[in-house]
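Visitor: Protein chains in written order, with numbering that gives the first Met the number 0: chain A, 0 to 428; chain B, 0 to 674; chain C, 0 to 275.
Don't take each hint at face value.
The list that follows gives simulated cross-link-like pairs (lysine to aspartate or glutamate, DMTMM-like), each with its CA atoms no further than 25 Å apart [what the hints assert, rightly or not]:
1) B:K190 x B:E200
2) B:K91 x B:D75
3) C:K111 x C:D91
4) A:K230 x C:E270
5) B:K540 x B:E247
6) B:K122 x B:E84
7) C:K88 x A:E277
8) B:K89 x B:D351
9) A:K319 x C:D31
10) C:K13 x A:D85
11) C:K75 x A:D237
12) C:K88 x A:E243
13) B:K239 x B:D229
14) C:K170 x C:E106
15) B:K122 x B:E269
16) B:K282 x B:E183
17) A:K319 x C:E270
18) B:K187 x A:E277
19) A:K274 x A:D55
20) C:K83 x A:E275
21) C:K269 x C:D202
22) B:K276 x B:D229
23) B:K282 x B:D352
24) A:K92 x C:D14
25) B:K68 x A:D268
26) A:K86 x C:D31
27) B:K633 x A:E400
28) B:K534 x B:D484
29) C:K269 x A:D302
30) A:K92 x C:D202
31) C:K269 x A:D55
32) B:K457 x A:D55
33) A:K86 x C:D91
34) A:K86 x C:D14
35) A:K274 x C:E138
Across the chosen pairs, the derived CB separations fall in these ranges [said to hold, decoys possible]:
36) A:Q320 x B:K633: 36 to 46 Å
37) B:A55 x C:G90: 40 to 50 Å
38) B:R349 x A:G43: 37 to 47 Å
Bear in mind the hints are in silico, worked out from the structure with no lab data behind them.
Glycine included, every Cβ here is placed at the ideal spot set by N, Cα and C.
Chain by chain, the residues run as shown.
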Amino acid sequence: MRRAPGKGDLMTDKLILYKEHLNSFLRKITKGFELIAPVRNTYGDTLFEVIPSVDDVGIDLTNRPILSPKRFFMPQVETLFAYRYDKSGYTFKDTADNTPRVIFGLRSCDTRGILFYDLIFQEGLKDKYYLDRRRDTILINLGCNQPGENCFCKSAQSGPFLTYGYDIQLTDLGDRFFVEIGRPRGRELLAGWSYFFRPATQADIDAQYEAVLESEGRFRHRLDFDAAIEKLINQKVDPAIWEELGRRCQNCGGCAYVCPTCYCFNMFDSPCSEKEGERLRTWDACTFAGFSRLAGGYNPRQDKAQRIKRRFYHKLFYDKQKYNIPSCVGCGRCADICFGRIDMLSFIRLICEQKEKSPAPAHRRLGELLLEAGIISQKDLDSAIEKQAATGKPLGVQLVEMGVVDKEAIAGALGCQLKIPGTAKNVED
Amino acid sequence: MHSVLTTCPFCACGCGLYLHVENERIVGVTPSKKHPISRGNLCVKGWNSIEHVRHAERLREPLIRKNGKLFRTGWDQALKRVSLELLKIKKKYGGESIGILSSAKCTNEENYLLMKLGRAVLKTNNIDHCARLCHSPSVLGLTNAFGSGAMTNSISELAGAEVILVTGSNTTEQHPQIARFIFEALDKGAKLIVIDPRRIELSRFAHIHLRPRLGTDVIWLNGMMKIILDEGLLDDSFIKMRTENFPEFRKFLSRFDLGQVEAISGISLEDLGRAAKIYAGAKRAIIIYSMGITQHVSGTDNVESIANLAMMTGHVEQEITGVFPLRGQNNVQGACDMGALPGMLSGYQRVDDPAVLDKFSRAWNTGLPAAPGLSSVDMLHETGRIKGMFIMGENSMLSHPDMKNVRASMEHLDFLAVADIFLTETAEVADVILPAAAFAEKDGTVTSTERRIQRMRKAIPPVHLSKPDWQIIIELARRMGYPMDYESPAEVMEEIALLTPIYGGVYYDRLETIQGLQWPCPDRNHPGTTYLHKKSFARGKGLFSCIAYRPPDETPDKKYPFALTTGRVYEHWHTGTMTRRISILKRECPEGFIEISPADARALGIINGEPVKVISPRGEVTTRARLVEGLPGKTLFMPFHFREAPANALTNHAVDPQARIPELKICAVRLEKVT
Amino acid sequence: MNNNVYLPQIAVIKDIKEETGDIKTFTLAFKDRKFKNSFSFRPGQFMMVSVFQAGEVPISISSSPSQPENLQLSIKKAGALTGKIHGHKVGDEIGLRGPYGRSFPVERLIGKNLLFVAGGIGLAPLRSLINYVLNNRTEFGQITILHGARTPSDIPFKHELSRWPKERDVKVLVTVDRPDTGWKGNIGPATALWDKTGISSRDTIAVICGPPVMISFVVMDLLKMGFSEDDIISTLERHMKCGVGKCGHCSIGHQLTCVDGPVFTYREMKELPTDL
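Build the full structure now, drawing on both the sequences and the hints.
Guide: The following block contains the structure:
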């Protein structure tokens, strides 16, 4: 029986692909698969795009795409199924996407993100929509020789190069790629066009090893995940930190949307006509108030501070507890975009640098601070101090009781460093 | 799946975002990273800006009213009806009896074409749009003072500011992406002064938060300037070189009695003095303001006072210093630029300037009306004057004050046509409703608050039978006997560029960059302008105006003891037509409410979440009470997004005599518990 | 199609019983015969109910698992969705997914005395368990049922509340917060009835279902009586979307209410960080 040229001739799991052959190889892929790769567009942005023809677009292997390729597995807005009602009752039209795909040039953080999705969507009752797309997608990972500005995948143990999980992994060795085969279907893909590859020599293997070492030495950020998780487990994070993060969060949802592992989604119906409709799902974020609010209005995570706390506990501690690995892959995308610095990078830094207990500011200073902030007048302060002498209450409580200032103002003035006993009334009650 | 770069359809921050398209459906959004404003992120509205496009309630085909009921019809019949009815009214009563509302949600090209249709074909200058309700005082006041009504500088300059004074702008909620630059400045050590009656999110980060009583802005502004004068903190050389009428203004200020400041505004002189010193003492200081300043009967006064303040301290005419009126809608700047204004053609060229009129009549090959037209407030609040209206993409029924009055005017019209994407409250009373294409379904340009002209790009075809507004206008013009021959919005822009000096160099091929072009851009080789008034004001010298305080039109009394102020929330956009059809946004803020201070609530026995009836001299609304700390006593706040609890059923339509903006920011109401 | 957990099965409403002004019990039959025949559940489990055009809502099964063909859901009108279900008529079709969630630990109850405490609609999931227990009466010890409602007209399952005491060793006590003129029964919270029950913690497992405040008061008293934390069983309510452990909405700490709950022992509940 005649075989396709070269098919099955891969002698080893470590190969070399010369860069001059890359486009030819990718062109072959487009014949049997939908090829997705990072593309730098004319506006200067790099995004994962479907590549109809490799000759028409510039594949960008320098810049990491703005978002991870998670939308190719779970689009931001997805129709789960359509339904229609007629005389005989309801009928459903299930959507199915079984397009075979190759994602080329995704980075270790993003591959790890997909592996985390695998855990979620395969666990227990399976998510057909995700798994249908995932089953037929081959991941060609490109290790990172040069970590980006906010990258900390090494600390998150998810990069810069992977040791498992990829179908194929590439390492840039200048004029050539070092190619590693991780899973059988990766081998199958390469075997189809084995003439583009030659077995790696010891020199290639050494060069790859050096590239890995060099890259690992280039990280600007080193974070101690274990120490951070330890702090969370032992409740060692100063409550003032959560308050402060809650204050800074502007509720855009961006951290969840850009995160390669954030998978939470919302489901809802979208009517199309009187008799027809669709059930959709969209990306959701646990930092939104409506995420946990019950129909009657009760919300177990009413405050922004609680929701942010939940987010970090979930990603670092709960997922570690459940899956033995935190669901942060260290891509630093949240750090790229969160101007409030409520991102993973800033957070781990913050809690690891935090002193065990910060001394409470003296009450004498509270008056000054409020005065300075224009929240109270000198008259108010004098009268509060006078009354305080009689009641013996803390100045803050006294001011609140006099009605000249409220809890929030005090918290604001002090960056929520102070907690005044007896004033923590919740207006929601 | 492919990606199409476009501009966010909500606010005037003008974020660049990619729409991901699969099988003619939008399945996701990615913020542009290279875009100077979005920088890789969006606000919650931007991230969720797509669901409404395919919503089931999108208008599917033209609707026509017969015997009080709406019926489906074809385009041909609907367009015929609109053109015949409007021409009939024109013939019977004259063009001045026709009113046109253009839209800050539509593209520049659509605004230009609609104002052309109005002026060249229907012979009316009664053309206006929602800028009337937001920044008409800025257009007027800043033009008087500086010669240009637009934001003087670029958004990103905020990050480098030394001092930022924010007044009457809830920036984190209404312009979240601009707020991010404020936070950046704060991180670098900038000082923030917030002057706002409510304790807004930003005030928690402010070094000084002053809380004037509603509608007392001229008082604190004059007070602040008097202190600056007394303390000798003014920029003498700037005043001398760059401005005029200062001696008069100095005389005016010296007569100003500082004693009244605290009594009227509630701000202590001590606090005001600290703010004055910080602002005047800075090398580079920026004033951000928005509707809290403009939506008053003294709106223009307020704006001119802000201009006075900026000029006397030399905080204008340079980079990283200036006056930032934050525009609301994604294209409210552009709609103004395009001359969707009763007194101006595109590029703020006055209709009563014979040379301008001559230029346009020759270009358009027809005679044009010379007298400035009516504002939207005058069209919608003076029953009987206008006989027929064409409204493109505006929901005036919910956005204008005094809803009952607006409804009466609309119902009194002989003919009303509305083009929109949903059956809005305004469309519900129309005689003909034309289904328009949504932002993702058409090409065009929009101009953001920083004068940035950017592309809106078609990602999917219009749903059902809907059409882009520009095509609708062309169709109407043709049927009215004035053929408009444009193949594309790009071709419309070529005409705009020829006739509009500030857009003189704006061509579609030049907009194929991530940052677009900032006007003024007078010719093809001009790189655009990041900040205005460099070395000289647009009008030559900056003009100081002496502004006396004028109290609000309606203040609380015994019968209506509360002052109601209105505004918006982070998750929703204006009358909620789009955002209330987007699942995440709807969930985040499902229904309307009225904010009340816990003390006032206690006094009335109102519990958080309880329904209350709000009654003003003009109407009543039932909504839920939300107890919030940080509201001044006897002051209530209500967002105007919610049709079930429309704040504008209560508001007052008394207007600023110059800018004709209604006083949406204060009216008197009383509260009743619903038992 | 059948491997898709998100796709509901169509069920026809066979009967609607108005329990109270805002609670209705719907008896449902699956349309698909094969599914109908294979359908089974355990007490305490819930179904995701599809109201097409409006969305889905999790509802506890209120009927006994001994009769899976007579699936009943008792639904309280609480929001737009449940309001829409209340508008349905006999013969209308709705969608159902499930059963989902961890059930009451029926095996652990065998041989024990049982105390059921329910508040309001909380009686619905307990009704499933109670009827199951009564169908297998010999396997269980003494049964005490406490039910608290706001007013007499808010008491659901009145017929069963009067039928149950007729069974062997079953005591039923009903109490209301606000009596009307005709009310001759108990007044006040369920916790005021301990003396009348004569209950002891010995060989007894308590199953509580109702509003969170009620649950916490009942648990406090039970602990005082000497109940062990493992012998107090209750349920938690959270916002739910998928019901199958994917969407993340119903999370409490590292647990998901939809798969790890909604039934928890008090010991488990105590460990849960309820605000995280």
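Visitor: Take the C-alpha atoms of K319 (chain A) and D31 (chain C), compute the straight-line distance between them, and say whether it is at most 25 Å.
Guide: 42 Å, violated
Visitor: Could you grab the alpha-carbon distance between K534 (chain B) and D484 (chain B) and see if it respects the 25 Å cut-off?
Guide: Roughly 41 Å separates the two Cα atoms, so the pair is violated.
Visitor: Between the alpha carbons of K282 (chain B) and D352 (chain B), is the straight-line distance 25 Å or under?
Guide: At roughly 39 Å apart (the allowed maximum being 25 Å), D352 (chain B) and K282 (chain B) break the hint.
Visitor: For the pair we were handed, K230 (chain A) and E270 (chain C), check the Cα-Cα distance against 25 Å.
Guide: Roughly 18 Å separates the two Cα atoms, so the pair holds.
Visitor: Within a Cα-Cα threshold of 25 Å, do K122 (chain B) and E269 (chain B) meet the stated pairing?
Guide: 56 Å, violated
Visitor: Holds or violated: are the alpha carbons of K269 (chain C) and D55 (chain A) at most 25 Å from each other?
Guide: 60 Å, violated
Visitor: When you check the alpha-carbon spacing of K187 (chain B) and E277 (chain A), does it fall within 25 Å?
Guide: Not satisfied, since the Cα-Cα distance of roughly 48 Å exceeds 25 Å.
Visitor: Taking 25 Å as the top limit, are the C-alpha atoms of K170 (chain C) and E106 (chain C) close enough?
Guide: Roughly 22 Å between the alpha carbons, so the hint for K170 (chain C) and E106 (chain C) holds.
Visitor: Is the Cα-Cα distance between K319 (chain A) and E270 (chain C) 25 Å or less?
Guide: 17 Å, holds
Visitor: Holds or violated: K68 (chain B) with D268 (chain A), Cα cutoff 25 Å?
Guide: Between K68 (chain B) and D268 (chain A) the Cα gap is close to 29 Å, so the pair fails against 25 Å, i.e. violated.
Visitor: Honestly, do A55 (chain B) and G90 (chain C) meet the 40 to 50 Å range at C-beta?
Guide: Because 26 Å falls outside the window, the suggested range is violated.
Visitor: Please work out if K86 (chain A) and D31 (chain C) have their alpha carbons no farther apart than 25 Å.
Guide: Satisfied, since the Cα-Cα distance of roughly 16 Å is no more than 25 Å.
The structure does not agree with the numbered hints 3, 9, 11, 12, 15, 18, 19, 23, 24, 25, 28, 30, 31, 35, 36, 37 stated previously, though it agrees with the rest.
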